[in-house]
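**Q** Here are the chains, one letter per residue:
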Amino acid sequence: EAQVTQNPRYLITVTGKKLTVTCSQNMNHEYMSWYRQDPGLGLRQIYYSMNVEVTDKGDVPEGYKVSRKEKRNFPLILESPSPNQTSLYFCASSARMSLGGQYFGPGTRLTVT
Amino acid sequence: AQTVTQSQPEMSVQEAETVTLSCTYDTSESDYYLFWYKQPPSRQMILVIRQEAYKQQNATENRFSVNFQKAAKSFSLKISDSQLGDAAMYFCAYRSSPGIQGAQKLVFGQGTRLTINP
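One line per chain: the protein sequences are A and P, in this order.
Okay, so the first sequence: first residue is 1 according to our numbering, each after it adds one.
Okay, so the second sequence: first residue is 1 according to our numbering, each after it adds one.
Treat the hints as calculated values from the structure; they're not laboratory data.
There's no promise every hint is true.
Claimed, not checked - Not the full set, but computed from the structure, chain P residues with beta-carbon under 8 angstroms of chain A:
#: 1; residue: Phe-35
#: 2; residue: Arg-43
#: 3; residue: Met-45
#: 4; residue: Leu-47
#: 5; residue: Arg-50
#: 6; residue: Pro-98
#: 7; residue: Phe-108
#: 8; residue: Gly-111
#: 9; residue: Thr-115
For every residue, glycine included, the Cβ atom is placed at its ideal position computed from N, Cα and C.
All chains, please: the whole structure from these sequences, using the hints.
**A** Dropping the structure here:
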């Protein structure tokens, strides 16, 4: 089954404690992306990757890091989380020249206290 | 930069009735794609319908159809014969045509929460 998986699905942490949210896709997609969803703001892109070792900032990259060492994985790293990073996070993927939408993961609800 | 606006934070409709969700966008590009995504309480993002800007014909998927007005930069979603399972947050989204740097990025509106009244 074609899918994008994220772990963990829920996470409560404290300010400053480094965390990683994993994302993996099994569709051999070149393009992967992270979004955050906040009430009244919709989803906004954090970082994206066009292929292995190729990453770039989206619209709200501050406080986040990513890496793309393997085609299937695209982890999101919060080196020093702060309460304003409390949000719902989605990983998404698509083929490089896809004309359609993206496949989304199930979301990760992150709370930073 | 492109922007997408959904001016209706909440909508409600009686079961079996028809409802239209509004979306406007701003872009200087001539070729692009527009989408409606559904997000039920499970939080999963589900693609409902897609429209290519170069196509004049409005897209249709079963009970879901769009009214695409390119000159007005408007892209509304019509849900016919509303069902309880249609209750969800609906997002309008824009993406550029392939070949443009960062074209795969989806630009989302704020969302419209749709309630279905039995």
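**Q** Now tell me, hint by hint, if it's right for this structure.
**A** For each hint, the structure was consulted:
1. Phe-35: holds (5 angstroms)
2. Arg-43: Nearest chain A Cβ about 4 angstroms off; hint holds.
3. Met-45: holds (4 angstroms)
4. Leu-47: Holds: closest Cβ of chain A sits about 5 angstroms from Leu-47(P), inside 8 angstroms.
5. Arg-50: holds (6 angstroms)
6. Pro-98: holds (5 angstroms)
7. Phe-108: holds (4 angstroms)
8. Gly-111: holds (5 angstroms)
9. Thr-115: Constraint on Thr-115(P) not satisfied, violated at 16 angstroms.
The earlier numbered hint that this structure contradicts is number 9, and it is the only one.
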